[in-house]
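Start from the sequences and build out the full structure, keeping to the hints where you can.
Sequence order for the protein chains is Y and B.
Just so you know, we're using my numbering here: the first sequence kicks off at 1068 and counts up by one.
Just so you know, we're using my numbering here: the second sequence kicks off at 131 and counts up by one.
Hints are computed from structural coordinates only; laboratory data are not their basis.
Using N, Cα and C, we set each Cβ at its ideal position, and we do this for glycine too.
Each hint can be trusted.
To give a feel for the contact side, a few chain Y residues facing chain B, derived at Cβ under 8 angstroms:
1. E1101
2. G1108
3. R1422
4. L1502
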Amino acid sequence: MNAPVALPARLARGAGAGQTRAAPVAAGGLDLLEALRSALGALAANKLRAVLTGLGIFIGVAAVIATASIGAGARQQVLGQIQSLGANLLVIWPGSVNQAGVRLGAGQRPNLTWDDAQGLLEVPGIVAVSGNIRGQNQVVAGNANWSTSVQGSDPDLFAVQDWALEDGRFFTAEEARGARKVVVLGATVAEALFGDEGAVGQEIRVRSTPFEVIGVLARKGQNPMGQDQDDVAVIPFWTARRSVMGANRVWARGVNWISLKVEDGADMGEAAEEVRSLMRQRHRLAANEPDDFNLRNMSDVAATFDASAKTLSMLLASAAAVSLLVGGIGVMNIMLVSVTERTREIGLRLAIGARRRDILAQFLIEAVVLALLGGAVGVAAGIGLSHALGRVAGWPTLIQMDAVALAVGVSALTGLFFGYWPARRAARLDPIAALRHD
Amino acid sequence: MLLIETRDLTKHYAAGEGTVAALSDVSLAVSPGEFVAAMGPSGSGKSTFLNLIGCLDRPTRGAYRLVGEDVSRLPPDRLAGIRNRRLGFVFQSFNLLPRADALANVELPLVYGSVGRRERRERAAAMLALVGLGERMHHRPSQLSGGQQQRVAIARALVNEPDLILADEPTGALDSRTGLEIMALLQGMNREGVAVLMVTHDAEVARFASRCLRFYDGRLVADEAQAPAAASAELAALDGSSGAHAA
Ligand SMILES: Nc1ncnc2c1ncn2[C@@H]1O[C@H](COP(=O)(O)OP(=O)(O)O)[C@@H](O)[C@H]1O
Ligand SMILES: [Mg+2]
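Laid out in C-alpha cells, this is it:
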C-alpha cells in the first residue's frame, strides 16, 4: 500500500491548491448520545472497577429504599391501629392512686363515676360518651366456652369507637336503661363460640346469667398495644353492674374509664380542655390541686407515635444516606484515578478541538452514569429487600415511591457532586502538558 | 492571504527563580499549501514554536495571525474551536484512543465539530480508505502496526479538512521504511493543498519539505526554500531494488 494518493473532491478544495477557505461555522456542543456512548465505553473498559464503585452507590440506595419502606410500613401499621380505636377519641382514666391517695387517704377506690360520664355530654363539641367497666369472664354457649373481656358500656360506645356491625344490631338506650341481658359480641368471641353459625339470636351465659346475642361487631384487629380488640363481649353498663360485676357496693356507680367522641371538625385540644375543666369542677378540685384523672387525646397519642416512628425512619434513612455518601466518595476517588490515567487522552481531545466544557461534560456524564447504574440496581435491590422483609420477617413494609425517586435523584446528584471536582480537574488541564504526560 | 504570519513571536517559561526564553522574536510568513520543516537541536524551541502555531499555547509576546485572524490573545475555548476547524495534529506517539477502533478515532474531531453521526461515519471511512486502511476500520490501535497507527492519526488530522497539519516528529517512532511511507502520505496530502508544518531533528526527513526552518536557542536562525525530495519515488525505488513489502 504505497502512498500516491488521490484525495476526494472535498479535500481538494477551492479552485486550486493553496487557497484557503473562509472560516467554517463555529464548532457546536458535544451531542449527548455520543457522550453517553463514550461514558459507557469508558466504564466498560474497566468493568470490575465500575462494578465495585457502583456497589457503594448500590448499597446506599438499596439501604435508603429498604429503610424508608420499613419505616413507612411501621408508621402505617401503628397509625392504622390508633385510628382503629376510634376517630376523634378522648379517654379518661382514673388518676394515679398515689396522687389522690396520699392526700385523701381514701385509698384504692376508683374515682370516676357513670355520672361523670353522663355529665360530660354537656360539653359543647362532645357528641357521644360512654362510661365503661370491664372484667375477664368465662362465656359459655352450649358446649363451647371462651374467656374474654366482658365490657359494660353505654349505647354510645359504638359511635365513640366507630364500631361497625357484622350482623344484628347494637343495644338501644331503652335496653340500656332497663339493664336488659343482651350482648353484642366481638368477632373473635362470636367465632370462638359459634364458628360459622350465625350468633345473633343465640343464647350465651356469663356467670350463669343468660344473655341474648343481638349483634356481632365487624373486625378491627389489634390495638397499638398488640391486644385483640375483637376479643370482647359488650353488654349494657347497668346490666354489667348488677348481673356480672355487681359485688362492689362501695363504688356502685364507678366506671373503669370514660370514652368520648368529639364532633368531626372540632378542635380536639379545645374539647379536651373543656372536658378537663368540667371534670375538675365535678371533682371539686381547687386551683392548686392536680387532676385526679388522666385525660388522653388519642390524636395526640397518634401524633406522638407518628413522631417517634418518623424519628426512627429518619435515623435509619440517615444511616443509609451515610453509605450513599461513602459511595459518592468512591465515585470521586475512581474518577480522579480515571482522570489521571487518561491525561493523554484529555490532551488529545483538547488538541483536536474539545472545549473545556466538553471535557467537563464528558467526565461528569461518566460519573453520573456510574452512580445511576449503581442507583438503578440499588432501587431494584431495595424494593426486593423490602418485599423479602415483608414476606420472610413479617415486617410491614410499604414501598415509598417518593423514596425511590429520591434515591435515584440523589444517586445522580451524588455522581454530579462527587464527579464535579475530578471533571473540573480534567477540564482545566493544559493540553501541552497533558499530551506530554505518561 | 497568508496562512501563517508571526511577528516577534516569543514564549517564556517560568523556571525556578527566573524564566526560560523557549522562543525569541520569531517573525515569519507561510503561504497556504507550503510544506515546512522545522529543524534544530534538542531544546532549540521547535516544539514551543509548533505549539504556538498549533494554538495549543499563547505567546508571551508578539503577534500571530492564522488565515488573517489574530489568534494570539484568544481564550482557550476559542482556540479549541480554531484547532478543531483549521488545524490537524500528528504526534510522534500517535495518541490514538486505545478503546476506540480506527473509525471512531478518526471521527473524533468531527464529534467536537458537531457533525452529524452519519456524515461523521462517511467522512471518517473515506479518510481511512484514503490512507490505505479501508480494510481495517474496525481495528483497535493495539491491533495495528506503528505505521498503520500513524496513518489513522493522519486520517484523523485530515478529516476536518484543515488548512494546516502540525506534525511533531511524525516518523520518530517508526523504522525508516515506514517513515518513508508516512512522508509519502504527507506529501500526497500536501500536494492536494493542505499545508504541513513538521518538526524533526532528522535531516533525512526534512528533505521532503519545500522549506526548512532552523532553530537555535529559541531563535529562528535560517529559513530556506529547498527542492523537496519525492518520498513516493524513493519508496518505489526501494521496492524495485529489494522487493520488500510494507507491513
Ligand atoms: N513547559 C515548560 N516549562 C519550562 N520550560 C520549558 C517548557 N517547555 C519547554 N521548555 C524549555 O524551553 C526550551 C525549548 O523547548 P522545546 O520547544 O521543547 O525544544 P525542542 O522541541 O526544540 O527540543 C527548552 O529549554 C525547554 O527546557
Ligand atoms: Mg521537541
